[in-house]
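Mind docking chain L on chain F? Use the hints.
Chain by chain, the residues:
There are 2 protein chains.
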Amino acid sequence: FDTSPQAIRLYLLYNHWALKVLLYVFILVNLGLAIFEEPAVFPLPTWATMLLELLCVFVFTFRIVHYAKVIPRDKFWKDPKNICIIVILLLTLVDMIIYGALRAANCSIIRWSRVLRPLLLVNVTEGRQLRRAFRSIRNALPQIFNVFLLFMFSLLMFSLMALKLLGKRNLKTIEGLPYFNNYLEIVFDLYVLVTTANSPDVMMPAYNSHSMFTLFFIVYILINTYIFMSVFLAVVYNNYKKYLKEEVRQLVRAKRHKMARAFAVLQEQKEDGGQPMVTQANWNQLVRQVRPDISNGHRELLWHVCDDKNHGFIGKGAFVQLADLLNIEVITLKSRPHPLQSLFPKIYQSAPSRLLCRMVQHRAFVIAFDLIILVNAVFIGLDEENPLISNSEWVFLTLYVLEILLKLYVFEPKAFFSRYSFWNWFDTLIVVTALIATIINSALKSLVRYTSRQILDIVFILRVLRLLRVVDGFKRFRAIINTLIRIGPAILTFGQLIIVVFYIFAMVGMELFKHKVKFYEDSNDPAKAYCGNPLLNNTAFAQLNYCKNNFNNVVSSFILLVELTVVNQWHVLSSGFATVTHVSARIFFVIFHILVVIIIVNIFVAFVLEAFFVEYSMDKNDLQTSLEKKIKELE
Amino acid sequence: FDTSPQAIRLYLLYNHWALKVLLYVFILVNLGLAIFEEPAVFPLPTWATMLLELLCVFVFTFRIVHYAKVIPRDKFWKDPKNICIIVILLLTLVDMIIYGALRAANCSIIRWSRVLRPLLLVNVTEGRQLRRAFRSIRNALPQIFNVFLLFMFSLLMFSLMALKLLGKRNLKTIEGLPYFNNYLEIVFDLYVLVTTANSPDVMMPAYNSHSMFTLFFIVYILINTYIFMSVFLAVVYNNYKKYLKEEVRQLVRAKRHKMARAFAVLQEQKEDGGQPMVTQANWNQLVRQVRPDISNGHRELLWHVCDDKNHGFIGKGAFVQLADLLNIEVITLKSRPHPLQSLFPKIYQSAPSRLLCRMVQHRAFVIAFDLIILVNAVFIGLDEENPLISNSEWVFLTLYVLEILLKLYVFEPKAFFSRYSFWNWFDTLIVVTALIATIINSALKSLVRYTSRQILDIVFILRVLRLLRVVDGFKRFRAIINTLIRIGPAILTFGQLIIVVFYIFAMVGMELFKHKVKFYEDSNDPAKAYCGNPLLNNTAFAQLNYCKNNFNNVVSSFILLVELTVVNQWHVLSSGFATVTHVSARIFFVIFHILVVIIIVNIFVAFVLEAFFVEYSMDKNDLQTSLEKKIKELE
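Protein chains in written order, with the working numbering: chain F, 76 to 710; chain L, 76 to 710.
Bound conformation, chain F alone:
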């Protein structure tokens, strides 16, 4: 690692937040190009999107070159993620050239490099969490594969049995087609049954012919839907936990190693030839540089935790803890005086003012406002065309604003809006936004005599969200809600994972199925009944009016993929697309189901489970307790 001033400046520049934000903006732009490219939501000319993409590629190239300058050369080339980025950028360029050339020659061509775009999100240096998630999945694959093979074996066996039992009985499905007499069709139908999407319809012809046949289906569902799907969850959960643990262990080891090296730099030998140690002065200087935002009192506290025998120096063991200590958040709850008290001490300390404070802090105040919220809920449910109801909204808004103002009068504003008061933030945000939106809405209404539907929708949503606050009043819900709020940040990583996978499937799906199924806004168009594709005439897909579930642009592709993730009716959707192309199109949907529903959704479930198990068996770690002990001692 080069330690010349120039190299360090370059390193600091590389890690500057503005450059990181810029990188993410360009990744978003790059991904967002799908909205404007053919098949587009908002079509732009090809040269415009190509130019934008070229700019993105240029920015990414610049960033990777910068990274190469910062990192030692051999380390750079050993890291697969850098090679991955370079290959992606090169492939993108090649694809753009081919596409541009063929486009100029008026040939139609597939933009295959779009599939690679989300991989950039995974491979940039900042995507650590996301890479970790992908690595966990990759590591879990062999075990998942074993279970999957066994599951497939069971599926094939049951299909064979179904063919033998039901194939020769001349049964008919509800559409009048022959029932269970083609092996591959049976395999597909029984695979769908595992997802429960065609239960009980797939069973009905057999059931109508004899009740005993239901036994076959019940055993099948028990083994494949309940047992095998639970085994998948168990395997995914177990592996995800195991590899995550392993990763965390490696991280901890790396951190300890680095801290030991820092200690070696800072250590001094004591005169009597004892252990090497770090003095308080050095330590203070270090902490001040690493975390300039920490207050003196807080730093003092941390030092006392490390040096709990008051030697004035600490050994290696205590020093290594520093990084963890800095990560523990100590909420400095100074009982600061209210700013009004310092401004108008007389008035703020007067008897009516104190009475007001006592009133607001009283339990009855909270209950009164919970009741107001409930009354509000009933009013929202009623018809807002009634002038009494619509005017009552102003009363409620006034009450809510009054509540916030009163609380601000009583509680110190900085404490009220501290980072940890989720509900205060939530409440104020909702009420203020609702106030502004309502004012705009009624201003528009009285001035232009026109009610904007969009603003009204926002007002409605805000009104209902306001009611959420009532939940905070119940202690029994608080543990659950706090766990859910704590899951929040990790869901972001998960959201990225989902977006990467969905984006790839959306790109492939758009190339395969674009414009095969059309949606007609005009309900009188006769083509609406078969989604503009005569092949769909009389299929379940058209009859259920699923025309808008198509791959004609990136937004509807994403919505369709969400519907496929929810699973229900996925066989109707997949059969629809198989009808307009080829029966092998089902493979696309089955692969999506295996990847997203069996693996990724299970990871999500495992993740929520884990968060709750941790919550239930919450043990604070050693450092946190020793910090708390110190705080108690010092009090």
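These are computed hints drawn from the structure, not numbers from a lab. No experiment lies behind these values; they were computed from the predicted model shown. Check the hints yourself; a few may be wrong.
Chain copies aren't distinguished; within one or between two, either way the pair holds.
What the hints assert, rightly or not - No more than 27 Å apart at the CA atoms, straight line, and that leaves these computed lysine-lysine pairs for DSSO-like:
id	residue 1	residue 2
1	Lys-550	Lys-317
2	Lys-603	Lys-247
3	Lys-520	Lys-239
4	Lys-153	Lys-603
5	Lys-589	Lys-603
6	Lys-330	Lys-391
7	Lys-95	Lys-144
8	Lys-243	Lys-603
9	Lys-95	Lys-333
10	Lys-150	Lys-421
11	Lys-243	Lys-520
12	Lys-316	Lys-144
13	Lys-391	Lys-320
14	Lys-316	Lys-550
15	Lys-603	Lys-316
16	Lys-317	Lys-384
17	Lys-144	Lys-333
18	Lys-247	Lys-593
19	Lys-247	Lys-591
What follows is chain L alone, placed relative to chain F:
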């Protein structure tokens, strides 16, 4: 506890296996009465079923009186399960009298006491496992209830939002009905959406009007289907595990207490005033009485584990372990000589016989038969009308029988059919049954020129099951399959739980909905199109041909309840029954969903998960390892 010889004889009689079996037979008869009672699968006259039920009640009364004689009086009356049984028996008698009287007066009346029948299964002394499962559920209820309240709050809030956002837009569902303009309907629709059963249909009208509305549904599904349902699983899993652990801990404590009392009875004081102890002679006598089936060698081994310093006596600590020691199964794998060897030593030891043994034990033998199975699978898939194919069955059967005979020639039969060789048992059973069934089938065919469909079905199933054996060949599957086999016994407890709950719902459902929906075998009957109830005309229920999903007898009720457990289309089924009775009938189906799908199915999933987690982190307990150490030492 009375220790007179007479009381002990009574106690032993109470615990006699024949009486226990008799009790279970009568419980089964009592439950099975539902098949013959109105509405019946096979109708019997009322006096016959009443007489049978009276007999059952008499047997149960006798059993509980016997139990009261065995157990001290105060203990008997303190135990809620005894009081429960007495109350159930009295209520049953009262109901029978009322029913009999009103029946004689030709009034129609509800047999409400049938709901209580499965509770007998829970409350008999032998239903310990089942009672434990119910207790775990009851203990988990408060926490589940908290999450459920929060979930309901979220559901009501989202419904309010949906009403405000979509209610006034004059959208129409695919049936042309107004969309989302009735609050209670919205609540039901969104509850169904949580189960994913009406996705994406419930979303389509909003989606067709504007793509942005899908955001509402996506957020809803994310929060309610994915997060809340996972939280339910987490809560159920966590509580079930916690209370099960607590129960096990109490059991262990009780066992230790009882063993300590047994030690107090058997102890002798050593001459030099040391610790009290039990001599080997006393110990031997005890073990021989408790477990007469244990061999001398095995007993000797156990003694050496307890008395590992060869004192000739053991202290309290070692004595208390006895119960656990007796529970560990030691497989006595004596390398017994093959019986043929003792009968015909010359022939069995001859060169060709030895070559045969080596061949059968060779890896190639297994692979050869795996290949034969695969070829067999292909032949099964082909059309069995072809004489070549149908005759090939005889070849395969001969090959399989030959395989088993060869194995029996090589391996010692008792070892081959030991309790732990699951696959040997499975294999032999399947092949022998298939042989018999095939012979009967072809005998019938050649003699009477008539092929029984039932026997042919059995033959088909057996043929396919034979293929299962191939799985055992792969090492990677063995861990998974062994875990699944180990789950087996516990699934029995779970099956009882399911039967109890389903039986209660079936009884209630039959009283509420019997004969409202009819199934017509004759496809030409015009009433078939609306299930014999004009109210169902043009409903999804009738259009999907769900007429056989009804509560007209106990078998179809159970099948319907299974379909409801699988969830898909449950809203169509519930709406069908709501149409023929009253909209409040939906409550029955929602309660079933909450109880069975949210609680019981989650317990099942938790249960499979736990089995796999235990498998993955398998640690043998101390006793088992000390036993293994001893076996190693003695070798």
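Checked hints:
In this homomeric assembly, Lys-550 and Lys-317 come within 27 Å of each other (Cα to Cα) only across copies, at 22 Å, whereas the closest approach inside a single copy is 34 Å. For the homomeric pair Lys-603 and Lys-247, the shortest alpha-carbon distance between copies (16 Å) is at most 27 Å, but the shortest distance inside one copy (29 Å) is not. Taking the closest pair of Cα atoms, Lys-520 and Lys-239 come within 27 Å of each other only across two copies (19 Å); inside a single copy the shortest separation is 70 Å, beyond that limit. Proximity of Lys-153 to Lys-603 under the C-alpha cut-off of 27 Å is found in neither arrangement, the shortest distances being 56 Å within a copy and 72 Å between copies.
For a Cα distance limit of 27 Å, the shortest separation of Lys-589 from Lys-603 inside one copy, 17 Å, qualifies, whereas the shortest one across copies, 42 Å, does not. In this assembly of identical chains, Lys-330 and Lys-391 lie within 27 Å of each other by CA distance solely inside one copy; the values are 14 Å within and 51 Å between copies. For the identical chains of this complex, Lys-95 and Lys-144 are intra-copy neighbours only, at 17 Å inside a copy versus 82 Å across copies, given an alpha-carbon limit of 27 Å. For a Cα distance limit of 27 Å, the shortest separation of Lys-243 from Lys-603 across copies, 25 Å, qualifies, whereas the shortest one inside one copy, 39 Å, does not.
In this assembly of identical chains, the alpha carbons of Lys-95 and Lys-333 lie at most 27 Å apart only when taken from the same copy (24 Å versus 69 Å across copies). For a Cα distance limit of 27 Å, the shortest separation of Lys-150 from Lys-421 qualifies neither inside one copy, at 68 Å, nor across copies, at 73 Å. Taking the shortest Cα distances, Lys-243 and Lys-520 sit within 27 Å of each other only across copies (18 Å), while inside one copy they are farther apart (70 Å). In this homomeric assembly, Lys-316 and Lys-144 never come within 27 Å of each other (Cα to Cα): the closest approach is 36 Å inside a single copy and 54 Å across copies.
For a Cα distance limit of 27 Å, the shortest separation of Lys-391 from Lys-320 inside one copy, 26 Å, qualifies, whereas the shortest one across copies, 42 Å, does not. With identical chains, the CA atoms of Lys-316 and Lys-550 are at most 27 Å apart between copies only, with a shortest distance of 24 Å across copies and 31 Å within one. Proximity of Lys-603 and Lys-316 under a CA criterion of 27 Å is satisfied in neither setting, with 49 Å inside one chain copy and 54 Å between copies. Neither within a single protomer nor between protomers do Lys-317 and Lys-384 lie at most 27 Å apart by alpha-carbon distance, with minima of 38 Å and 41 Å respectively.
Taking the shortest Cα distances, Lys-144 and Lys-333 sit within 27 Å of each other inside one copy (22 Å), while across copies they are farther apart (75 Å). Taking the closest pair of Cα atoms, Lys-247 and Lys-593 come within 27 Å of each other only across two copies (20 Å); inside a single copy the shortest separation is 31 Å, beyond that limit. For a Cα distance limit of 27 Å, the shortest separation of Lys-247 from Lys-591 across copies, 26 Å, qualifies, whereas the shortest one inside one copy, 30 Å, does not.
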